[in-house]
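Chain by chain, the residues run as shown.
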Amino acid sequence: MATADVAIIGAGLAGLATAVRLAEHGARVVVLAQGNGAIHWAGGPIDVAVAPGVDTPAAAVGRLASNPAHPYAVLADDVPHALGWFGSLVAEGDLPHAGSPGDPFRALPTGIGGTRPVAIVPNGQAAILRPWDPGERLVVVGPAGFKDFWPLAIAASLRRPSVWGGLDRPERVEGVSVELPGLAARRNLNALRIADLFDDPAWRRPALEAIARAVDATGSGPLRVGLPAVVGCRDHGAALRGALEVVDRPIVELPLVPPGIPGIRLYGLLRDALRARGGRLLLGEPVVRVETDGRRVLSVATSAAARSYVIRVGSLVLATGGIAGGGLVGDPDGRIVETVLGLPAEGPPIDRWMTGDPLDPGSMPIALAGVRTDGELRPVDPADPGAGPVFDNVRVVGGLLAGQRSLAERCGDGIALASAWRAAASIATGGGGAVGTAAAVPAPGGSR
Amino acid sequence: MTIAALVDQALDESVGLSTDECLKCNICNTVCPVARVDDRFPGPKYVGPQAQRFRLAAPVPVNLDGRRVHSPDVTVDWCSGCGWCTTACPAGVKIAEVNSRARASIRAGRRPRLRDWMIGQTDLLGRLGAPFAPLANWAFRNRPIRALIELTIGIHRKAPLPVYAGRPFRSRFRRRGGRVGRPGEPVLPPPDRAVVYFHGCAANYYEPHVADAAIAVLERNGFEVIAPPQVCCGLPLISNGLYGQARGQARQNLDVLAEYARQGYRIVGTSTSCTHTLKAEYDEMLDLHDEDARVVAEATWDICEFLVDLHEQGRLDTRFGRLDEDLPYHAPCQLRSHGIGLPAMDLFELVPGLRAVDMDHDCCGIAGTYGLKREKYEIAMRVGADLFRKIEASGATETACDSETCRWQIASATGTTVRHPVEILAAAYAAGDRAATAH
Amino acid sequence: MTASPPTAVSTTLDARIAWDALVIGGGATGAGLLRDLARRGLRTLLVDRSDLGTGTSGRYHGLLHSGGRYVAKDPNAARECIVENRVLRRIAKFAIEDTGGYFVATPDDPDEYVDAFREACAASDVDCHEVEVAALLRRVPTLNPAIRRAFAVPDAAVEPWSLIDANVADAVALGSRALAYHRVVGFERSGERILAARVEDVRSGTVHRVMAAQVVSAAGAWGGQIAAMAGAQLTMAPGKGTMLVFNQRMTDAIINRCHKPGDGDIMVPVGTVAILGTTDIHVADPDDWAITRDEVDELLDEGEKLFPGLRRMRLLRAYGGVRPLYDPGETGTESRDVTRAHVVLDHAARDGLSNFTSIVGGKLTTYRLMAQDTADVVCAKAGVTTAVSTADEPLPGGEHGQRFHWLGGRLAAHEADGGGDADLICECELVTRSMLEEVLERRWPCSLDDVRRATRLGMGPCQGGFCTFRAAGAVADHAARVAGSQAEVGKMTATAMAEFIRERQRGTQPIAHGRQLQEALIAAGFQWGTLGLDSLVRTGGGGDGNG
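Chains as they are written, first to last, in this note's numbering: chain A, 1 to 448; chain B, 1 to 439; chain C, 1 to 547.
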């Protein structure tokens, strides 16, 4: 496809969601990405927002939105629509999610024995949304020999009340290691390999029976089973149903060190949804040059073998992520460079990029860095906001938006979806346009 | 060139230093088709950027408990070179290329295996077999003979070996008056009306019908075709670590092709493997960075890429007739490495009635010569299993794929006819012509 | 570089023993001294306030000097270096990678120095021969193509912890002991003699009384503090040196600038990384200093003269060490000019303490000689006349026995074992689960940083981002088996993780830009975001769980 109505750069949650939504609006879309992105590290929950002193994501969004520099100041109203749309999309792909932004936070245990506040989770974690009953236990079960999941350590950690942060928790936590068929003999065992095994009904059945036996051996009474988030990948729906049937207890998948299987499942669903709606995804195609004419982007060129591959576009969406995603680079001289268009980016001075205690999420002021936008998510120059957008047919979504502290505020997914919703609507209702020609601007890249 | 520029160039071209970009994110491991099916392969992250840190730049033999060891690696040999890791890497690490060099380094410390050497001699095998095509074809399909070959040389008895076509394409082309760059031939028209055809070993010895279809389509669109003297692109040699011979062949090709490239002629190929080798691997794998290599790389086009480009300029003849069929399409790994999208699918969209479906499967398993090998055949078949199932389930009578080794793999595994996309287009043109004359 | 014989370092002290000698400081010098004294028949105890090799020895450049660096300015030092270089190549092969080294003349280096270089080497018996620049550029393609001349010398890379471990193991086999995490907090004097040292077990807080006939301080940069506790006068002039760790070996040989020694003029491949060093800045307190971005910039500027593309290569971390420089004038001033020579100080004459000796100055390359010179003085005081040379007996060899360390060794061993990632705790550095558990067995209780020194855990590109959790899990399993108290395991695991991540991050902050900044943010993203790391380290239970 050498022409597209919209090219989206970045194949993470924001990029794919924008592409799917635009395709639903009838646009011909292509997603270009250097490679896979942050969604491959995700652990399942859809993080919308947290804020001190409030106990639902919706309230947290409201709190963050009161700061005019925060993306939610513009996007707060889009959040419910975006989440509703997302909910139907994932349900359609047999990856239904539970919970809503008006629900109170619950503490989801994780694969290192910590917890994180959640409200919207995929079905594999939905069992955490219900309050713990008196006397109810959490039994953490892990495959023996799996180096990324240590049930005893996890249980020991989860027995510390402080880890639950004042949120509702089980009275007792236990950890159990189980031999699963064939794992001991394997030379290579990571989350995806185990998930592949769970996708195979023939392997799954005896494995689940072993897990069930191990759980039963811990005693009777109400309990929920914590498993590592490896219950199937391509066929997660069937695997989860099988697990619930055999283990016959509520199951909670605990997020692990990357690669994140829940994220990969979501990626697969979004990719299929995009294809089904006629969109195209080109991986391994980093954008190296953009042609512009005044305030319009005319085409993007990707780094193909021996030459560039040029796509003429009506609109461009940057979903390249912040620094973590590679959409921004922090140069050693303190400049923060947006890597595709060289858009003006704002951020703290270099001596405040990483400060203080590395274990404090607030110790990375650099996380605030990003591109500032107008109400239509078009990039503006923070030094000259009154001058109108830098480009009329460009939108910025996701982690690249300035003003969010995605770690401390846990707002990455909410912003990704809400901005995807808003950008798609903005383009579909007339922000886009015909395809043209003119001068080439090399993509700045930044130094690494 | 300034020192800074020299250094920049060296760093840009350095496959080894690209491993500096590795974020340890494990994404490459999630897309590797071989790691998915075989526990012996630890995955691209382990054998690529991770193991690279334990390799000396210039490997020297080391005495390890009485054994002389040249390279610390073993398991990297399971890598098929499909390139998906490089495609999926968010940081731009050239993982597959690093692996390829590591495999070559293992071989450098040993005498080359007869099999690996033989597999690399595609021109020789082609020339030797062509005059005896019926006999050779019979032999390659004779079970006891195949069992013997497997035992002695190490090519799996069920590996999909191609079928000799008899007279090679070059010979047929010359006979029917095609241009091959001999003195006395008519002057070649300017570059906007002529192209150089790089046919590759496959079209030459085994699939001249693919070459015929390509030429028919090119001529129909107003291009004279010249097939100047050429030898195997060298990819089978590169894949099997025989860089020295590969460089020799590369030089032979570059000496001829650079002439045309400098005059502005495009070099069009029907094998995504050959064209990728010309575009990228002479530079990245063989370290050929001279002007000849550069101009040839920039002038090389996959044929579907070329036709799509024509279409964008409004110059493609779009009088395709109706082809009422379901057509599964498999995009070869090598095509993705080109980074040109899916031009065959774009072209199929222009053919009325043609319901082309991208099978969206990562790798058919053959990975060039990998799946031919005795110890790797089973892995290759498992890698491609889902693809074969999907194709069979589609009920289609033919499938399309741009790479010859993939075609042979898929044909062998599914029993369907597998065509190069340009054959489909030629058929569509023919259908269009018939419909026109019928009126 | 790991598996030393078991029980090299002890964790408990038997206070009834009267030691022939107490060595304070478990760096290379202290460990070498422990070995030397043990071999001369003295039953010796070594103590260090932290793990062994956490002072200067654990934070230096990794260079086994040929002496080429000193031939012009300090020929005696050069001579000492080459002699000890040859000795260590004989007795400690396993800790040494025979990389070879080169002195190269860049356009910035004056002819005068370069022209005199080879002669100067010859005068100090440092092997040196000139090589063709083109040949060197083929071996090291990242080197500045404008270098004019190049000279080969027998520099090598040496790994300190396996060296220290081997010295200790040798001494332990003879009945001596080494104790980590035991800090000297005072002495008991009676007139001219030190009767005992008061030694605190850092972990439990218990203070023990250690009786020793001779007391030797090998505390390096902290020598002044130890001396002060004994009532002796000793002013050190600690010199901070900052080093930059690069993700890859852009050179397999050591590269030195052929000029008067300065900052950032040596690049050393050390294991899987390459280290550029160093600076030389006086600090008042060896425990209180920081690395600035300016220092990093200065090092990169100098480094680029050797490797023009250096700023494009990936920096993993910046770290620093403090040289134990001793200024006989005791003015405590400008660092670069203070001698690197070692000095054995007999406090009998200086301070009226008959059984107290300090060893100061020196460099790791000459540790054995320093230990020998010190042992000579100590034994003379103790009336011990045994003659023995630690230069003759090979040290008990680590993983590779009596072969030089080979970069590919660990990978080859893992591959020979079937390869694969199922048992890799630290993937970057190929640390297996059994390696980890062996260290835990041997060293328990220990921190993840102790494990790092013994295995290289967390020293690769991810800087502990991924492996911290696996290691902590293994620690928790071990703790549950050994400690018994389940209640403590959770807190201990969280502390282990937190400490390790904090320590690794210390080295990231000064170089947090480009790819490493991205790596840090990705790590933070999944550590806090996905895994809820912050929940493990907060105190109290209030609030809604956010940071």
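Just so you know, the hints here were simulated from the structure itself, not pulled from any lab data. Computed from a prediction, not measured in an experiment: that's the story for all the values here. Mixed in with the good hints there might be a few duds.
Unchecked claim - Computed spacing ranges between beta-carbons, pair by pair: (1) A:P181 - C:A15: 33 to 43 Å; (2) C:G186 - A:T355: 32 to 42 Å; (3) C:E298 - A:T355: 46 to 56 Å; (4) C:I17 - A:P250: 56 to 66 Å; (5) B:V60 - C:E132: 13 to 23 Å; (6) C:W289 - A:R335: 20 to 30 Å; (7) A:P250 - C:G186: 58 to 68 Å; (8) A:P365 - B:E325: 34 to 44 Å.
Glycine included, C-beta positions come from ideal geometry on N, C-alpha and C.
Each hint tested on the structure:
1. A:P181 - C:A15: 33 to 43 Å: Between P181 (chain A) and A15 (chain C), where Cβ atoms are some 54 Å apart, the hint is violated.
2. C:G186 - A:T355: 32 to 42 Å: 38 Å, holds
3. C:E298 - A:T355: 46 to 56 Å: 22 Å Cβ-Cβ, so the 46 to 56 Å window is violated.
4. C:I17 - A:P250: 56 to 66 Å: 59 Å, holds
5. B:V60 - C:E132: 13 to 23 Å: Because 19 Å falls inside the window, the suggested range holds.
6. C:W289 - A:R335: 20 to 30 Å: Holds, at about 29 Å.
7. A:P250 - C:G186: 58 to 68 Å: 60 Å, holds
8. A:P365 - B:E325: 34 to 44 Å: 60 Å, violated
Consistency with the previously given hints fails for numbers 1, 3, 8, ordered from lowest to highest.
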